[in-house]
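Visitor: Residue numbers (the working numbering): 51 to 519.
No lab work stands behind these hints, which were simulated from the structure alone.
Computed from a predicted structure; not experimentally measured.
Be careful, since some hints might not be right.
To be verified - Below, simulated BS3-like cross-link-like pairs (lysine-lysine); rule was C-alpha separation at most 30 Å, straight line:
id	residue 1	residue 2
1	K411	K315
2	K444	K457
3	K376	K444
4	K184	K145
5	K233	K273
6	K411	K450
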Amino acid sequence: MSSNHRPTQPARLRRLAASFGILAVGAALALGSAVPASAAPNIDPAAVGSITVHKLQEPVAPTGDAHDGSEVDTSGLTPINGITFTAEQVNIDLKDSTQWQGLESYTVSQAQSNLGGVSETAVTGADGVMGEAKFEALPVGLYLLTETNTGSNGISFEGVPFLVTIPLALGNDWNYNVHVYPKDTVSTLAKTVDDSAAHVIGDPIVFALMGQVPSLPAEDELKAYGIIDTLDPRLSYQNATVAVADVALVPADYVIASTPTFSVKFTAPGLAKLKLAQGKAVTVTVNTTINALGSGAITNQAQVFINTPENVFDSNTVTTSWGAMKVLKHAEGEQSKVLSGAVFEIYALDSSDVRIPGALKNVSGTGTTFTTLQDGTFQVDGLKAGNYELVETKAPLGFKLDSTPRKVTIEAGNLADATVTSVENEQVPAFQLPLTGSTGISLFIGGGLVLIVGGVLLAVIRKRRAQRA
Numbered sequence: 051m052s053s054n055h056r057p058t059q060p061a062r063l064r065r066l067a068a069s070f071g072i073l074a075v076g077a078a079l080a081l082g083s084a085v086p087a088s089a090a091p092n093i094d095p096a097a098v099g100s101i102t103v104h105k106l107q108e109p110v111a112p113t114g115d116a117h118d119g120s121e122v123d124t125s126g127l128t129p130i131n132g133i134t135f136t137a138e139q140v141n142i143d144l145k146d147s148t149q150w151q152g153l154e155s156y157t158v159s160q161a162q163s164n165l166g167g168v169s170e171t172a173v174t175g176a177d178g179v180m181g182e183a184k185f186e187a188l189p190v191g192l193y194l195l196t197e198t199n200t201g202s203n204g205i206s207f208e209g210v211p212f213l214v215t216i217p218l219a220l221g222n223d224w225n226y227n228v229h230v231y232p233k234d235t236v237s238t239l240a241k242t243v244d245d246s247a248a249h250v251i252g253d254p255i256v257f258a259l260m261g262q263v264p265s266l267p268a269e270d271e272l273k274a275y276g277i278i279d280t281l282d283p284r285l286s287y288q289n290a291t292v293a294v295a296d297v298a299l300v301p302a303d304y305v306i307a308s309t310p311t312f313s314v315k316f317t318a319p320g321l322a323k324l325k326l327a328q329g330k331a332v333t334v335t336v337n338t339t340i341n342a343l344g345s346g347a348i349t350n351q352a353q354v355f356i357n358t359p360e361n362v363f364d365s366n367t368v369t370t371s372w373g374a375m376k377v378l379k380h381a382e383g384e385q386s387k388v389l390s391g392a393v394f395e396i397y398a399l400d401s402s403d404v405r406i407p408g409a410l411k412n413v414s415g416t417g418t419t420f421t422t423l424q425d426g427t428f429q430v431d432g433l434k435a436g437n438y439e440l441v442e443t444k445a446p447l448g449f450k451l452d453s454t455p456r457k458v459t460i461e462a463g464n465l466a467d468a469t470v471t472s473v474e475n476e477q478v479p480a481f482q483l484p485l486t487g488s489t490g491i492s493l494f495i496g497g498g499l500v501l502i503v504g505g506v507l508l509a510v511i512r513k514r515r516a517q518r519a
């Protein structure tokens, strides 16, 4: 006799517990094998690391690159050489696990008053890699990095000090070789001079000042922007224009001052436009005329300032060079016999020594001619350094005109250094004068001599004929 028994309640509970036990063991095994794969390994307190600084110009727009200490591609950015960084170890022992607690809220100011340990400096570009400075063999610790010297780079907004740990947390791992990318705003001003239309005193000289709207770090704002140019007293200011690429400026956007120093300063409405035009070119054109020769060389340099007048950066220096010409007119072969009243014209030559049409004006007189005075000279007290042609258009009384163009090279210098050119003239020769006595008497005497000679010859002939007979 057979019988089937349903499991009793206790038996069912035992089987269910066994099933859960199997699942629990499986889950425990699964979790046990996964935990070591996702947990960050312990820091090696004996390890050493490095910090590589990549110094770059502040871009117009954020790059979107990671800033987690990993190395990124910066090929589209401009590196900056000559920036000095100092890496200083903070007096916190990161080999002690308790010192890591609350480290993320530690501030730069706290670090600056709690330094101790490693202190090193490095200069970007010094090792041959553009914009790069490297601190190596750094023990585990917290480091304060400070930009201590910006060199001659025209830095208007420099990077702020920052903190770096060795190692640096990266995901679920540790990075012992940290790359950082602090950026600076570089302000530049380039200057050019155009004196191509200038040859004599009173002619125009144009200066162009070319800057750039600064690219601002996120935490900074543009409070002031302007350009200053101290003009040489030998230059007379005429007017100026201001332009920003792709920006419609109106006169209310800036203020121009011309005395005692030329300057352009953007107003609040103008600054608001500049803020939206970061990285755009700013061009200021200053029109002047030359009013005196002086020492001969006129140099000029301008400055751009950002946020405060003390935060200034120099442009390059440009020069326009001037000199003088003195012409001495004298008789041929005798320089001491000077000649007045000779009239000349002067023509400028281009870079290929081809005459530029139009005789130069006589600033000291009228028209385009220059006349030698009683001492046989005339002087031009201001000619741009370069080549000229001197042409005589009227000779002194009693002398032949010599209209041959003479090339004269003017060197830079003051009046005492004037280029002297001597021009001699051949005297008009005298007419051939007759001998003493009138022409009639001469003919009479000549005729008489002919008759006498003829009579003598006739007497000789007759005598010979008589002797033959």
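Visitor: If a hint holds in the structure, say so; if it doesn't, say that too.
Guide: Now for the hints, and whether the structure bears them out:
no., hint, verdict
1, K411 x K315, "violated (38 Å)"
2, K444 x K457, "holds (18 Å)"
3, K376 x K444, "holds (18 Å)"
4, K184 x K145, "holds (23 Å)"
5, K233 x K273, "holds (20 Å)"
6, K411 x K450, "holds (25 Å)"
Of the numbered hints given earlier, the model fails hint 1 alone.
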